[in-house]
Amino acid sequence: MKRLNELYDIDNDMKIYSIHSDSRYVKPYSIFFCIEGLSVDGHRYIDDAIFQGAKVIVHSKELLEKKDGIIYILVENTLEELNRVSNIFYDYPSNKMKIIGVTGSSGKTVVASMIKDAMSRYCNTGYIGTISLEYNGFKEDCPYTTPETLYLQRKLYKMNRGGVKVVAMEASSHGLALGRVDSVNFSVAVMTNIGAEHLDFHGTREQYILAKQKLFEMIKPSGWVVLNSDDENFLRIKNSTKGKILTYGINNQSDVMAKSFRLFLDHSEFDLSFKGNTYHVSSPVLAKFNIY
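Everything in the sequence shown is counted per the UniProt record's numbering, starting at 1 for the first residue and increasing by one.
Derived from the structure by calculation, the hints contain no laboratory data.
Bear in mind the structure is a predicted one, so any value in this text is a computation, not a measurement.
No residue lacks a Cβ here, since even glycine has one placed at the ideal position from N, Cα and C.
What follows is a list of derived Cβ distance ranges for each label pair:
(1) E65 with K15: 19 to 29 Å
(2) Y29 with L210: 35 to 45 Å
(3) D48 with R236: 42 to 52 Å
(4) N77 with V110: 30 to 40 Å
(5) Y25 with D255: 38 to 48 Å
(6) V285 with F138: 20 to 30 Å
(7) A287 with V256: 10 to 20 Å
Lysine-lysine pairs mimicking DSS-like chemistry, simulated, CA-CA at most 25 Å apart:
(8) K238 with K220
(9) K158 with K96
(10) K139 with K165
(11) K61 with K27
(12) K15 with K2
(13) K66 with K27
(14) K220 with K96
(15) K2 with K158
(16) K27 with K15
(17) K27 with K2
(18) K96 with K242
(19) K214 with K96
(20) K244 with K96
(21) K158 with K98
(22) K98 with K214
(23) K242 with K165
(24) K139 with K98
(25) K98 with K220
(26) K214 with K238
(27) K165 with K98
(28) K96 with K2
(29) K27 with K67
(30) K158 with K15
(31) K139 with K96
(32) K220 with K165
(33) K15 with K67
(34) K288 with K259
(35) K242 with K214
(36) K27 with K158
Please model the complete structure; the sequences and the hints are all you need to start from.
Structural data, given as structure tokens:
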């Protein structure tokens with residue numbers, strides 16, 4: 001619960017018990033955000049939200065009718081407001097954990113899952129991605145690879161309350177382009193590779209790359225960026241970020257390198273070089289492209 005004047009510079013201390021962008025789930029004394037989506041405009045459902053108990057309507061279009069007893073807040077961009085307000089409402093959950101974002105045309109699920117499994121040896125770790133949302137033995141299907149803003153903030157809040165310290169999270173090009181993670185404070189961003197996917201949504205390869213690049217632009221100077229130095233977009237992504245950089249690869253000189261491959265039917269073997277040391281690795285992961 002938050003007071004309205006904690007969320008907006010307004011002289012009203014009404015108790016706000018929930019926030020919503022879907023009128024079907026609105027509860028009494030809540031805020032309803034009118035989000036203009038790809039196929040649905042939330043402004044069409046204002047009356048439904050009020051009927052369900054919404055006391056505050058955040059909108060970006062001029063309204064012909066306003067009801068007594070309802071507070072209307074006109075903003076330029078309701079999605080940006082939803083990101084901002086949801087972050088406050090759920091007490092900035094991503095600031096209290098280490099969020100590791102993984103993006104790329106392929107390999108996101110494998111890499112994020114491996115990070116979750118590896119980090120779980122050292123601390124309480126959660127996972128958000130294509131497969132599911134997981135933490136503390138709890139598991140549920142995710143509606144999208146990168147969940148929408150409210151769902152994401154709510155789950156991060158619950159993870160933090162449950163003692164989670166690290167979250168490995170897939171960041172899809174759709175989720176990045178649609179602003180679903182704009183209010184997430186990523187500590188680390190990982191790039192697997194960038195191909196030419198989802199052009200039906202992004203329109204052009206340039207727009208697709210820009211969506212991926214957004215994750216690395218979000219990293220603060222204190223954060224880390226892990227980049228595939230063999231990817232053709234490596235230098236572009238490297239130059240777009242302010243974070244500290246760790247590179248990996250097979251062909252080009254990198255901080256972490258894999259060499260001397262031996263591929264078998266049931267496992268792979270290779271030498272891993274890092275900081276002047278070489279480690280022999282035997283892994284059940286198959287095929288050279290999975291070694292990345």
